[in-house]
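Knowing the structure of chain A, use the given hints to seat chain B on it.
Sequence order for the protein chains is A and B.
Under our numbering, the first residue of the first sequence carries the number 1, and numbering increases by one thereafter.
Under our numbering, the first residue of the second sequence carries the number 1001, and numbering increases by one thereafter.
By construction, these hints were calculated from the structure, which means they are not laboratory data.
Mixed in with the good hints, there may be bad ones.
[Unchecked claim] Here are the simulated EDC-like cross-link-like pairs (lysine to aspartate or glutamate), alpha carbons at most 16 Å apart as the crow flies:
(1) Lys1237/B with Asp1115/B
(2) Lys46/A with Glu1028/B
(3) Lys274/A with Glu1183/B
[Stated by the list, open to error] So the derived list for chain B, only partly shown, Cβ under 7 Å to chain A, looks like this:
(4) Phe1006
(5) Ser1054
(6) Tyr1074
(7) Ile1077
The beta-carbon is built from N, C-alpha and C at its ideal position, and this holds for glycine as well.
Each chain, letter by letter, is given below.
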Amino acid sequence: MRETAHLVHDYLRSSKRFPHIWCAGCGIGIFMQALIRVIDQSEYSKDDIVLISGIGCSGRLPVYVDFNTLHTTHGRALTFATGIKLVNPRLKVLTVMGDGDAVAIGGNHFIHAARRNVEITSFILNNNVYGMTGGQTSPTTPQRVKTTSSPYGNIEPDFDICRLAEAAGAVFVARSTVYHTRLLERLIGMTLKKPGFSVVEVVSQCSTHAGRFLELKSPVEMMKWQKENAIPVEKAKQQSEAELEGKIVIGALVDRERPNYHEQYQSLINEKAKV
Amino acid sequence: MAGCRFYAGYPITPATEIMEIMARKLPEVGGVFIQMEDEIASLGAVIGASLAGSKSMTATSGPGFSLMQEHIGYACITEVPCVIVDVMRGGPSSGLPTQPSQGDVMQARWGPHGDHPIIALAPSSVHEFFELTVQAFNLSERYRTPVILLVDELVAHMREGVILPDEDSLEIEERPHPTVPPEWYIPYADPGTGVPPMPAFGDGYRYHVTGLYHDIRGYPTVRTDEVEPLIHRLFTKISKDYDRLQWFDSFETEDAKITVIAYGCVARAAHRAVQKAREQGLQVGLIKLKVLWPFMRRTVSRILENSQKVLVPELNVGQISREVKRVNQSRCEVLTMNKVDGTPINPSEILQKLEEIYP
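Chain A with its partners taken away, still in its complex shape:
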C-alpha cells in the first residue's frame, strides 16, 4: 500500500482531472503501472523521461504521468521521438503506441525507426483491435474473426509485430502479456538499458470490443486466455511452428548490438564541426 501511495503521489499528475478514459478491465492501466514501477527503480529522473504516444486508447497514457509528455498524431509518435532524441540525446525517449497506431498507419515509421536505430524505446500495446473507434479490424486481428469492419470475418492475415521489428533491425525485441506483470516489468527494465531502437510488444485485452469477437466475455477470461496461451521463449524454441500456432511466445526474443544513429551522428559533428 505504502509503495502504491508513493507511486501514485510521485508519478500521477495531481493537476490532471481523473478518472482516466479507459474502460473497466482494460489492460493499459496494468502496463502504465508496470512502467512507473520500473522507472521508479531506474536511474532516470522524471525530467529525463520523454513519453510520446500516437492516437487511440494507448495515446491517452502520457497525459496521466508526470514526465515530459507528448500526445502526437496517429501513427507518428516515432517521428517526433526521432527529432527529440537527436536534439537532446541525454533524454530517455519512450513511445507508447497501439497495434493499429504502430503497424498500420505508423508501419512505415516503425520499420524505418528500427532500421535507423535511434535510441528509442517502443512499447506497443497490442489488443488486436481499434478500440477507441469501436472495434474495427487491425493488422493484428486474427484471421476469420468478425469485427465491426469485417462483419463477414476478417480475410487479412495478421502481423507478428516482434518478427517485423526483428527483420527491420530493432536491437531488442520482447513480448509479454499484461497478465505476466513480473515478466513485463523485467522486460521494461531490460529495454530501458538498450542503447538503440527497442520494442516491447505488450499483449493486452480490450474486453469492450476484442473480447466480444474473440468470444471471451470478461476481462478475467481474457487474462486467463493470456495465461493459458503464453509460452516462454525458452520453451517455444523446443516446439514446432505448428505447435506454436495461436500461442503467444513471451520473453526477450532478440537482444543484439548495432551502432546507433545518434552516436554516429555525434561523431560526424565532432569531425566536421568548425571551431
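Frame of chain A; chain B shown alone:
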C-alpha cells in the same frame, strides 16, 4: 544565421537542393540533419526537435507539402515553432515537377483541416529568400507558430549575386522562455501577449503537449469555456500584430492609374513591365507582396482606393486575386492574368496587358 540547427526532410524536386546543403552545413555548426522516410515523418521530427529546444525546418514541394498538412495543423494547435519551405511546382498531384507555379497559395492558407491561423511569406529574389528565411524563423519563434515560405521553382532555382549581411547585424528572435520556477509554470496560460512561454523538454518543466483541444495546463478538454478561448487566442496572438506584418515593396504607385499586385517570380516580371510602361508614359505602379498570409488587407485596401484598375498576374488560376477581390468590395476594377502552362509570365506579357487595359 537564423539559428536553425535541425533539418529533417525527404527528397523532392524542385526543393532537394535545400536538403543537400543542410546535410552538408548542419554538422559543421553542431546541428543535426536527418533524411526521413517521408514528408509526414520529416515534419514530425522537425516538431519534435523544436520541442527539444532547437530551431528547426524542412523543405518540400507540392506532393510533400500535401503530406505535411497533418503536422502543420498539429504545430498550429500545439504552438510549436517551425519553418516549412514549399517550393511550388505545377500541380495537382505529381503535376509539373520541374516547372514554376504559384498554385499552393490557398493550400498554405487552408491545407490543414479546421480553423487555424497561418503565416506565409513569398520571396521574389535570392536575397529576399535569405532575408525572409531569417524573418520566418523570427516570426515562428515570436508567435510560436509554423511559418511557411512559399517560393516558386523559378526563385528557388535562381542564381544571382547577393551580399549577405554581417551576422551580428541580424536581429534574431527566440521563443519566450518561462521565467517562473517549474512548479508555478502553467504551459498554455496567456501571459498577456497571447504567446505562452515555452520550455524545452528536459529543462525541468514537465508538461503535456497534445493535438487535442486542451486547457491551460495542456490537458485534453471538451469544455466550451476552455475550447473557445484557445482557438480565439491562437488567432489573436497573430491578428493583434497585423500592422507589423504589412511587408511589401512599392514602385511608382503614387500617381498610378493601374497598380499591379504581384509576388514571387511574377513580381520581378511585373517590375520590368512597369519600368517599360513608365518609359512609354503610362502611369502604372507595382506592389510586391512579401507576406501572403495573413493577407495584407490594409496595404491592398490603400491601393484599391487610389487606383482605377488593379491587375493581379499569377501562376495559378487566380488565388491571391480572389483575396484582392474580397478586399476590394467594388472600389475599383480588379483584373486577373493567369498562367498555368508551366512557363513563367514574361515582362512583355504584362506590359501588353497594361497597354490593353490602360484607361
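To see whether the hints hold, each was checked on the structure:
A distance of roughly 14 Å separates the Cα atoms of Lys1237/B and Asp1115/B; the hinted pair therefore holds under the 16 Å criterion. Straight-line distance between C-alpha atoms of Lys46/A and Glu1028/B comes to about 33 Å, which puts the hinted pair past the 16 Å bound. Using a Cα cut-off of 16 Å, the hinted pair Lys274/A and Glu1183/B is violated, with the two alpha carbons roughly 39 Å apart. Because the smallest distance between the Cβ of Phe1006/B and any Cβ of chain A comes to about 6 Å, under 7 Å, the interface hint for this residue holds.
Satisfaction of the interface hint for Ser1054/B is found here, the shortest Cβ-Cβ separation to chain A being roughly 4 Å, below the 7 Å cut-off. Among the interface hints, the one on Tyr1074/B holds; its C-beta lies about 6 Å from the nearest C-beta in chain A, closer than the 7 Å criterion. Contact between Ile1077/B and chain A, as hinted, is not supported at the beta carbon level, the nearest pair being about 11 Å apart and thus beyond 7 Å.
When the structure is compared with the earlier hints, violations turn up for hints 2, 3, 7 and for no others.
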